[in-house]
Amino acid sequence: MPEPTLPSPEILTGSSLPSRIRRRVRILVLVLLPCLFLQLYYAKWVEEPYPAFLFPLFGGVNGKNGIYPAPAEQVSIFAGQDTIPSSKKDIFGMANESYHFHLMRDFLGPETPEVIREDPEYKDWLYQRLRVVTGRGDVTGIEVVWIMKYFDSNVTPAAIFHDTSGYFNLQFLL
Amino acid sequence: MIPQATSTSNFFSDLAMKMLTMRYDRWIFDSFPLRAEVLALCRIFYAVYVLFFVAQRTDWVAGFPQVFFRPPLSFARLFTDFPPESFFHAVNVLSVVLLLMLLVGYQTRLASIAWTLLVLVFTTFSHSLGKIDHMILFTVTPLVLSFSNWGAAFSMDAHSGRTSRQVQAWPLTVLALLIGFTMFTSGWWKAISSWLDPGTQAIQSKLAHNFFAREQSDLLAPFFLSVEAAWFWELLDWLIVGFEFLFFLAVFSPRWFRVWVWLAVIFHLSVLLMLNIDFSIHMTVYLPFFPWNTFSKHLGKLKAPVPLWIEGGFARLRVWMLPFPAAALVAVLYWHGSLYQSVLALLQIEAPYFIGLLFLGGGAVLWTLVVIMAIKDYFHAGAPASHFR
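Line by line, the protein sequences give chains A and B. Sequential numbering from 1 applies to the first sequence in the numbering used here. Sequential numbering from 175 applies to the second sequence in the numbering used here.
Among the hints, a few may not be true.
Below, a list of computed lysine to aspartate or glutamate pairs in the EDC-like style, where the Cα atoms sit at most 16 angstroms apart [said to hold, decoys possible]: (1) A:K123 with A:D106; (2) A:K123 with A:D138; (3) A:K89 with B:D551; (4) B:K305 with A:E143; (5) B:K471 with B:D551; (6) B:K305 with A:E97; (7) A:K123 with A:E143; (8) B:K305 with A:E47; (9) B:K305 with A:E48.
Simulated coverage check for chain B against chain A, where a stretch passes if three residues somewhere in it have a Cβ under 8 angstroms from a Cβ of chain A [to be verified]: (10) 294-300; (11) 345-352; (12) 381-393.
Simulated DEER-style distance windows between Cβ atoms [to be verified]: (13) B:S181 with A:R24: 26 to 36 angstroms; (14) A:V29 with B:A501: 36 to 46 angstroms; (15) A:R131 with B:G304: 20 to 30 angstroms; (16) B:A501 with A:L33: 38 to 48 angstroms; (17) B:L532 with A:V29: 31 to 41 angstroms; (18) B:E524 with A:T83: 22 to 32 angstroms; (19) B:H510 with A:R24: 40 to 50 angstroms; (20) B:G304 with A:N169: 19 to 29 angstroms.
Source of the hints: derived by calculation from the structure; they are not laboratory data. Fair warning: this is a prediction, and the values are worked out from it, not measured in the lab. Each residue gets a CB set at the ideal place from its N, CA and C atoms; glycine is no exception.
I would like the entire structure built from these sequences, with the hints used as guidance.
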C-alpha cells in the first residue's frame, strides 16, 4: 500500500516571486552575460581559464589542398635483449582515456622539452611505469616513432602515404 | 511648450523601458516553468546516471610526478604539485555520498552545491595534466538547478518538511543561457578558423584525424570515411557552425530553445556515430528542456501509479539507512574503477559505445516522437500556451 502523496509544490514564476528575489535574479543575469563574453575573449586571446563556459575548438584543416595529416605513434620498450611493442593505452592506462593522446604528445613526443626528458623524477616515474607495463625488471629504454599519416579525400578514402615526423628516445642508465 | 515635449518623450521612454523590463522579466521568470515532479525526475536521472556511468576513482591523478603538473589558469595555480593520494580518496568517497544524497533528496541543495564544487576542485587538478575536458555544463547543472528547489518532490527533504513547497523557474533560464552560450563558443571558434572556407572540409579532416590518429574507427566512421563528395562535407561544416551559432539566439525564445536542444541530441548522436565522440553526458543537462507537457499529456494514463510508488519509497527512507548503500557503492567503485566497469567485469563483457548509444540513441528516438506529437497537437488544436513544453 503506497504512502499518500504530498500535494504538488507550487511553481513560482515572475508574478508569484517576491520582488526582492526578482531584483537579484535580474541583476545576476545582467552581470552573467558580459562575464560570459569576457571569459570567451580572455580564452581566445590570452589563455583558457578553468572553469569557463567554453567548448573546444575542433581546429580546421592543417594541410593544404585537401590533404589532412593525422599523427600516430609506434611505441617500443627495450628490456634486456628484447624489443616489446606497446601503446599509449599501456603506458597511461591508469589515467582516463581522454588524456592519453595529450600525455603522449606532451611527455613522449618529438617536441617534449629536454628539461622534461632529463628530469630525474620523470625518468624514475617512466622507468617504474615501463617495468609495470612489461612485467620485466630489466627495462633499458623506450622509443616512440611519431608518424604523420596523410589522408587525401580527392584520391582515395584511406591513408595514402605516411612519413616519420619525429622520434622520442630515452635510455635509462642502470 | 518645451516641458510638454519633455513630458511626452519621458512618457514614451518610460513606456518603452517598462515594456522592455516586462519582456526581460517574462524571459527570465516565465520561460521554462517545470513542475516539481519533473525537476525531481531530472535530479534523480542526473544522480543515477553520474553514479553508475560517470563517477570514477580519481586517485590515479596522484600517481603522476610533479613534472606533469601544468595547471591552467585556475585554482590549481595556487599549488606547486598534485595533492596527496588521501585527497583523491576523500574525493572518491565524498562524490558517492553526495550523489546518493542527491538521488534520495536528502539536504538536496547542500548536496547539489557541494557536488559541483567537489567536481570543480578535482577537475582543476586533473586538468593540470594538460587537457581541459569541457564538461562544464554537466558540472554546474546541479549548482544551477539547486536554486530551482529540485528537491521539492520525490525526496526525503519533501517528506521531512526540510524544504519549501515551491519551485522556481528562473534557474532553468540561467541553465539555458549557459548551454546556449557554451554552444555558441564552439560555433564561433569554428567560424573564425577554416570551417567556413569552401576550399577545406573541416569535419572530414576531423574524421580522418580521429580515424587514423586516435583509432576512433567504429560505428559509422568507416562508412563516412568512404564519402568523398566535397559538397557534402562543406554543407556539414556550414550546418554545424550555423547550428551552434544560433543556439545562443534560440535561448531568447523558449519554443526555439526546446527545438534546438532536441536538435542537439540528434547532433550528439551523429557525432558519436561518425566521430566516435561520446557526449551522452549532456543528456543530464538537456533533460529539463524535454517537452514534458506533451509527454505527460500523451502518457497520462500510464504515469498515474508511478508517482505514488516513488513517493511511497521516499516516505519510507530514513537517514540511518544511507551509510549502508554508500559504503557498498564506494566498495564497488574501488573494485573496478567505476560502478559501470564493475558491472561489465562481472558480466565479462565489453561495451564501449553502450552508454552513448543507449542515452543518445534512445533519447533522440523518444525526443523525436514527442516532438512529432507536439507538432500534431499544434495543428489539431491551434497553438496552446504549453506547446513544446
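### Task
Of all the hints given earlier, name the ones this structure violates by number, lowest first.
3 and 4
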